[in-house]
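In the order they appear, the protein sequences are chains F and A.
Residue numbers for the first sequence follow my numbering, so the first one is 1 and each next one is one higher.
Residue numbers for the second sequence follow my numbering, so the first one is 1001 and each next one is one higher.
Derived by calculation from the structure, the hints in this document are not laboratory data.
Backbone N, C-alpha and C fix where the C-beta goes; we use that ideal spot for every residue, glycine too.
Treat the hints with care, since some could be wrong.
[What the hints assert, rightly or not] Covered stretches of chain F, going by a simulated chain A footprint (3 or more residues, C-beta under 8 angstroms): (1) 81 to 94; (2) 187 to 201.
[Stated by the list, open to error] Restraint-style ranges between C-beta atoms, simulated for each label pair: (3) A:Met1120 <-> F:Asn104: 49 to 55 angstroms; (4) F:Arg141 <-> A:Leu1300: 57 to 63 angstroms; (5) A:Leu1086 <-> F:Thr72: 51 to 57 angstroms; (6) A:Asn1117 <-> F:Thr125: 54 to 60 angstroms; (7) F:Lys89 <-> A:Leu1300: 36 to 42 angstroms; (8) F:Arg84 <-> A:Met1120: 47 to 53 angstroms.
[To be verified] Stretch-level coverage of chain F by chain A, calculated; a stretch enters the list once three of its residues show a Cβ under 8 angstroms from a Cβ in chain A: (9) 109 to 117; (10) 157 to 165.
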Amino acid sequence: MSAPKAGNLLSDRLDAELTPLLTVSGVSKAFGGLQALSGISLRVNAGEIFGLIGPNGAGKTTLFNALTGLYTIDRGEVRLGGLRLDGRKPHQVLQAGLARTFQNIRLFAEMTALENVLVGRHARTRSGVVGAVLRLPATRREEADSRAHAHALLQRVGIAQHAHRLARNLSYGDQRRLEIARALATEPTLLALDEPAAGMNPAERAALRELLLKLQADGVTLLLIEHDVKLVMGLCTRLAVLDYGVKIAEGTPDVVSRDPRVVAAYLGDEMP
Amino acid sequence: MDIFLQQLINGLVLGSVYALVALGYTMVYGILELINFAHGEITMMGALVALAVIGALALAAPGLPGVLVLGAGLAVAIPVCVALGLVIERVAYRPLRNAPRLAPLITAIGVSIILQNVAMLIWGKQYIPFPAILPEGRHQVLGATVSDIQIAILVLAVLIMLALILVVQKTRLGRAMRATAQSRQVASLMGVDVNRVIAATFAIGSALAAVAGVMVSAYYGLAHYYMGFLLGLKAFSAAVLGGIGNLRGAMLGGLLLGLIESFGAGYIGDLTGGFLGSNYQDVFAFFVLIAVLVFRPSGLLGARLVERA
């Protein structure tokens, strides 16, 4: 890239910040007669922490499942960078760079914390059984690299001391961190977090907040479903609000929190 | 004392073969919760294919060392069985992955009958003798006799089982298998191509079955199209005995079943005053299966199928 002229520095920077990473256009999904998502469109820019909020049953997790290939969508299009995601299988979506965590923790409970993260390395490693049984140098090197990488990730989320404990024996907050470490192991460009603060105490929430800001600083774009309004408003650069499967608002926390439709969705409609 | 030792050796050898076959049942069950009833027939196919190659080689090049001929038989039987296992999974099980549990069970039985009939068409109904290509060395150990074949079977089986534990515990594929066993959905969301992992599981199980089939036919000196039925049923019993879905359980169950059968055959005559003879040994496998199911339905090492190793 050529060096920008001094006068253009600010606008170049803004342009870079506004590179769309995830583009969701007109995504619809119905379950039988229930229209869970109706024509959802939104854009998550690279480097953002983008919040997805809405009352219970608004379709937030459904949208996550649609983005990550768990549900096939009825209509619409999902792009990550230039790549179409819709119609791909979950492991292909992940390969493309979109990883997620779960609202109700879904770790591999009978594997150690380290092994959970190593499963996350699966998509970014290659070696097969033959190499492992014959202990080929390339395989051993890859395995050693994976382990070092996984250890570093456990360190990064602050649970390195629990590397060899079974996931099911970790505390609730640590399990949430482990889910994030496992997702990060897949080297995502976009990390989708489904209610990461659910059930956390204030200290754990503060630590989570620090962690998410650290991830953003490291260049990971975050898509966040969260009920903790304070956390969302303080953390997110922009938000989208869903209600009954429809997007009713999108914008900065300031704008969204003043939107009358958002207020109505959260507090109930008042008669005009 | 010498009879005891003899039965112990025989039981361990037989049991290690049961264990190899039982591993195939338990691995597939661990990942898919499917009982692959065609697995015994894969063992049979492995034996018959290897025997065909060995027989042809023994005729064509009579001077060749027996171990080489046997190796050639295995080298053909293993890929054939792996291919067979992969095709069965693709054609008979994968389309039914989300069907009710009974559906793949029925196709499994169907596949098993088809394989028996295919083998019967190719090799006929007669017993096929294992050519005398292997050294017939026998050793006396504290009054018991151990043959070279028995030693080879036991050593090879133990090595294979150790390698399998290593693969499942320490490798990328093994981790993906355990993750898939715990949750297929989450594993796929974490980037594991679940279909490939399932295919790999069938491939490994089928390779073990091929080796076990060759071992059995070398041990008893014969093979035929129906041998997979009883062998498969016993290995399945062994897997249930150890706790189906659990790798170590399958190994333990296989060895125990072999020992029970062997001691049963050795002592049943004395115990019943000659009323029942050693030809009742097969009854023991199923007596044990019933007893375990009654008193410990989850098997000796429990039903923690997610742990699997």
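Consistency of the hints with the structure:
1. Chain A is given as covering the segment 81 to 94 of chain F, and this holds because 4 residues of the stretch bring a CB closer than 8 angstroms to a CB of that chain, at least three being needed.
2. Here's how the segment 187 to 201 of chain F fares: 0 of its residues keep a CB closer than 8 angstroms to some CB of chain A, so the rule of at least three is not met and the hint is violated.
3. Distance hint for methionine 1120 of chain A and asparagine 104 of chain F: a CB-CB separation of about 52 angstroms, consistent with the stated range 49 to 55 angstroms.
4. Checked against the hint of 57 to 63 angstroms, the C-beta distance between arginine 141 of chain F and leucine 1300 of chain A comes to roughly 39 angstroms, which is inconsistent with it.
5. About 27 angstroms separates the C-beta atoms of leucine 1086 of chain A and threonine 72 of chain F, a value inconsistent with the hinted range of 51 to 57 angstroms.
6. Under the hint 54 to 60 angstroms, the C-beta atoms of asparagine 1117 of chain A and threonine 125 of chain F, about 43 angstroms apart, miss the expected range.
7. The hint said 36 to 42 angstroms for the Cβ distance between lysine 89 of chain F and leucine 1300 of chain A, and at roughly 38 angstroms that hint holds.
8. Taking the beta carbon of each, arginine 84 of chain F and methionine 1120 of chain A are about 51 angstroms apart, inside 47 to 53 angstroms as hinted.
9. Check on the segment 109 to 117 of chain F: 4 of its residues sit with their Cβ under 8 angstroms from a Cβ of chain A, so the three-residue criterion for coverage holds.
10. Under the rule that three or more residues need a Cβ within less than 8 angstroms of chain A, the assignment of the segment 157 to 165 of chain F is violated, with 0 such residues.
In this structure, the hints that do not hold are numbers 2, 4, 5, 6 and 10, in rising order.
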